[in-house]
Amino acid sequence: MTATRREFLRYATGAGVGTALGGLAGLGLTLAPARAKAQALRIKDSKTVPSICPFCSVGCATLIHVKDGEIINIEGDPRSPHNEGTLCPKGAAIYQLHRNPNRPTKVLHRKPGARDWEVVELGWAMDRVAELIKKTRDETFVERMPDGKLVNMTTSIFALGGATLDNEFNHVAQKFCRGLGIVAIENQARI
Amino acid sequence: MAEAMGFFTDTTVCIGCKACEVACKSWNQLPAREGGQPELSGISYDNTVQLSGTTWRHVKFIEQFDGPYNGRWLMMSDVCKHCVQAGCIEVCPTGAIIRTEFDTVVIQSDVCNGCRACIAGCPFGVIDMNPVSGTAQKCTLCYDRMSVGLEPACSKACPTDSIQFGPIDDLRRRAQTRLEQLQSQGETRAQLYGADPEGPVGGLNSFYLLVDEPEVYGLPSQPKLPSRNLASSAAGSVVGAAVLGAVGLVTLRKRRSEDVAESERGGQPRA
Amino acid sequence: MYPRNLEHSDCFVIMGSNMAECHPVAFRWPMKAKMNGAKLIHVDPRFTRTSANCDIHAPIRAGSDIAFLGGLINYVINSERWNTDPFFREYVVSYTNAATIVSDDFKDTEDLEGVFSGLVQYTEKPEWPYNAFVGSYQPASWQYKSPSVQGQGEQVAPTARSGEQKAAQGPQAGQPAGGPTGPQPPAPLSWDDVVRSLKRPPPQRDPTLQNPRCAFQITKRHFARYTPEVVEQITGCPQAKFLQVAETLLQNSGADRTSAFAYAVAWTQHTYGVQMISCCALLQLLLGNMGRPGGGIMALRGHAAIQGSTDVPTLYHSIHGYMSHPTVLKKHDTLRDFITTETPSGGYYANLPKFMVSYLKSFYGAAATRENNWGYDWHPKIIGDHSHMAMMAAMEEGKVKGMICVGQNPATSLNGSSQRAAMRKLEWMVVKDNWMTETATQWYSAPEIKNGDVKVADINTEVFFFPSTQIAEYDGSFTNTQRMLQWHFKAADAPGDCKTDTWFYYHLGKRLKRAYENSSAARDQGWKNTVWDYDREPAETAGEISDEPDELKILREIAGFQTADPTKHLAGFGELKDDGSTTCASWIYCGCYPAPGRNLTARRQPDPPGAPGAHLNWGWAWPANRRVMYNRASADPQGRPWSERKRWVWWDGSAANAPNAQTGAPTPAGKWIGYDVPDFALTKAPNAQPRPDGIGLDAMSGLDAFIMKPDGKGWLYVPSGLVDGPLPTHYEPVESPVQNLLYPKQQTSPVYKHWAKAKNYNQVARVGDPDYPHVITTYRLTEHYLAGAMSRWLPWLSELMPELFIEMGRALADEKGIRNLDWVKIKTPRSEIRAKALVTDRIGVMNIAGKRVHHVGMPWHWGWEGLSTGDVVNDLTSWVGDPNVSIHEGKAFLCNVEKD
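Protein chains in written order, with this note's numbering: chain A, 2 to 192; chain B, 4 to 274; chain C, 223 to 1122.
Hints were generated in silico from the structure; no laboratory data involved.
Honestly, I wouldn't trust all of these hints.
Looking from chain B toward chain C, a few residues come up when the C-beta cut is under 8 Å (computed) [as the list claims (entries may be wrong)]:
no.: 1; residue: Cys20
no.: 2; residue: Asn50
no.: 3; residue: Val52
no.: 4; residue: Gly74
no.: 5; residue: Gly169
no.: 6; residue: Arg176
no.: 7; residue: Arg177
Note that the Cβ used here is the ideal one computed from N, Cα and C, for glycine as well.
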């Protein structure tokens, strides 16, 4: 390899040169204009963390560049036999899943009949949900069918979701439900 | 001088996914148009419509049908052509537009005074103003990434390798092979656009494989330069390179000095 | 089959999928194959970005796929090539059930004008009246000629089981009554004898394929009427195109060439979706493409973890690793009942007792003992169809009180306005998501609220919204469409109150553990004994202090360990025991985490360029890190590669083997080797015979390549396991513009599901309904994702497809005076919505049996939240679905279109 015929890599490690370009968030209405010039490599001195695209099922590998605890860039992992560094537009937009002013970060609660949300404390909301699950379970639990068959379940609580989340979530979610006798568990694989 | 680098876009394998558009925006931190809320264009699946100061890649969709289900759907990812004889460089009064050591064309935003001369000077309608910065902007061919040996964001993202990046000479060889393959399969309209160094504007460092006439893709068959003052444009580009932002790379400095020496001999700064 | 393996394909048929748009990166691989000369074919109602890159686009009317596939089967069976090239006969006789003799009682649709033998009426049971079958089959007559294939028939998803169907015919005699009221004997130390007692003599076969009752002859007769003329009449695809597809596929199948199929939800979202896939499997078996490089069928799944959420089932009908969920609809009263009902004596699934006992140990830990049959009675049982639409039908009747919705958006789902109406009847609802979804906000901003039909104050639901982490903010594994687990690492902290979704259930669980800790009620003992300890251990998590659960601890419980010492992980499912000494939630994931510090899902080591391998050191694919399933079939009956070009796994007769680990006895030379993990008993020779008293793999010969099947054969004819027939048959969608040309007396599947059939909100158009004359299909676009929560809030994606549209042909647009970009009203018996028109020749009018039928299509990504908003296309769809799996018919229905 010579200086004039360098190997151009698909592999973006954190070992770049130049100075970081800070402060640009790349987002919709609030975005500052891009200062496109012959800019310095903005992933310089960043840490590279291996990840997987959260959109479709192809399982494209990604690399996440992090600096000072902040995600500054996400692109394809060129080592992956699935995608070899490439991505689709959704995969290429993963950055905006994270750095996005539209992202909700607070717990909200709506009382029965109320017109509006209220922002509530996370611990309180968890306590309240646990209380409601217990109440509904205790009121609707069926130990035996009319013919005497043991079933130990309730069909009065519906747990939905899982196909967009990881395996560990699915294990804990289904075990939580089945442990309590909640049998109506479904996810997007049904639809 | 480093080797000339560029893009070969094989439109026959483009799936119109627009990964190149988003990868470009993500790397270069460019905003969506109208906050991501433009109106539906009605032009096939193209809602980007044109290259602009904030959209440096644009996938075109051309529906060629003769009745239901009977026809073809052409797709092409468009970008700055990085002309070997670049009209924008010629007309830029401030020297903001430079030719890099990779023989690519880059606008330095902090030198640009927003005079818009380059917009009129581009035969392809590539350059436009960034409405907030008030400067002209376009594809840099990811100069920052290239400078450290990384492939540009768009070609890296392209799932089907419709956008290929590499030394221009290699790309031309690849393009010729692919052209012959298509022709042997009966695609008589297959043609290269901008691959010929003897052609208009000295060839394009971002060139294309098409399967119809260039006009079908919105490309001029005979792109014209605003003037013919090539020698001064080449010199100007080297001046530009000297004020390039990224400093401290010994090899880069060395190459620049070679460029200067080369241009002083009157040669164009190409590999 | 998996995307990268398409590199090796010579022909690739995409049907029921829009791969280039919906799986663009996977489409990299067929495009590589195309560059090397492979032919790409797209069979689809629309000319899409996939069609644009294929060699052939064959347009067919949505929902007519079985007619097209059946035509291919008929073409293949009667072709000269198939009847003269010895490859096909050798593959089919050796590896499929073509030669197996079927019961004399079986009657085909050809005999009964469109239905199979065994059709009966269906009546709902009052305990759970949401099973929704319009009819039901008694499948006894579909079996192989006596003796029958035992066991497998009852492994069908309980979705399919109605209260009318009798319980399994397991050998119950001699067993104590047991059951719910009497005391049960303790579980045996080994279940082998129980499984052995289920053994039956092998079914009869006729390797000449001449017997008129063999599966091959029945199949041949069944499809004889699917001629190119009939295919054209039913599907609208011109005969010349159909024949071009058939010939291309046939010429690219054989010893030296392989063809692959891909499908996605355009094959599942029908009232006969399972049969579409089954039909393709039948065709691919006939063509000898299964288990071979570049061959097979690829299921293109739609979400990052949808494979994982099916394997690790947040689905009501199954428990880990595709074991049936215990149910009252089958003989599942005791653990012994469950095992005798569910376990076949032959094939790898004969190990089910090991899977089940290890699962129960993972659930109830030390509390699960032999004496209490490993805690089986604590495990809940289902009582019917508790699938999405069944639950919504129950919810609409006020039978469901609470709902927890995590990362899903039912407010924009099937017959969406009815789902929203159902959810308004909940007492409480929790939404946990990364974005404000329509489900979270429907109580104040749904269309029916905005237009005043429903008052916010009248909705008595208590609603919660919890914000979630994004992908880069937590550790965990996804299972992709290749069945491959891949680990992702946390890169940054999440903002505000954003927590992982696992955190949510884990900490709810901790609260409920405390709430029940003093209960002595019998009903609460299962929960009290549920193992619930996923606190982080500093050693495994680099010292990070967090109340987030330890994902590696969860993975360990899924993948398994020695009960006596949790630091001794299991290396693979071969180590599982049925005596409680192994703890493992998911037998299929066993081996992905074989030792502390060795999380194989996190591997990122690709093969070197040019190597002929399967990238076995990248991630980990179940089962056993195998990449192509049933790959024994990639070798000929003698164990040699079918051809040098199609080499994948083969028998090396000279390979030395280690002595038997238990007995020390020498093992004869010979071993299966190759580019992949062989899907076969490693040292079983191609000429090996089954052991007379053998169970599991010992009951299989060296030719039984399909090791998960009880008879070791790929099934052309499906004797058990499906509720809607042993062979695929063309029926019309529930809403269709034409009569069923093939069977005029049987318009639809006789056993599909129709929930809330009597309710106004779920009515369907009648056949050829003049008020709803157009065929409509729904789909995704590259630029958006699902109902849009993860894309319509992102400026970079919203700008690419900023508004909802309907695609329609020029002829329809002209008839209705609609111009490009005009607003259009789209109406079905369920709802009416608006969208802008995209007028195009990529979709249009079709000639169906002489009738001009306009075809239109709409992407379904929109709702009222986000940067890009639009009407909910799913409001148009109905709750009718597949009888095997309860998936709705969202890909083919009727509508009307008018200029707004």
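For each hint, the structure was consulted:
At a threshold of 8 Å, the smallest CB-CB gap from B:Cys20 to chain C is about 4 Å, leaving the interface hint in force. Taking 8 Å as the C-beta contact cut-off toward chain C, the hint placing B:Asn50 at the interface holds, the least distance being around 6 Å. Taking 8 Å as the C-beta contact cut-off toward chain C, the hint placing B:Val52 at the interface is violated, the least distance being around 10 Å. Because the closest C-beta pair between B:Gly74 and chain C is about 6 Å apart, less than 8 Å, the hint holds.
Taking 8 Å as the C-beta contact cut-off toward chain C, the hint placing B:Gly169 at the interface is violated, the least distance being around 16 Å. Hint status for B:Arg176: violated, given a least beta-carbon distance of 16 Å to chain C, over 8 Å. Taking 8 Å as the C-beta contact cut-off toward chain C, the hint placing B:Arg177 at the interface is violated, the least distance being around 11 Å.
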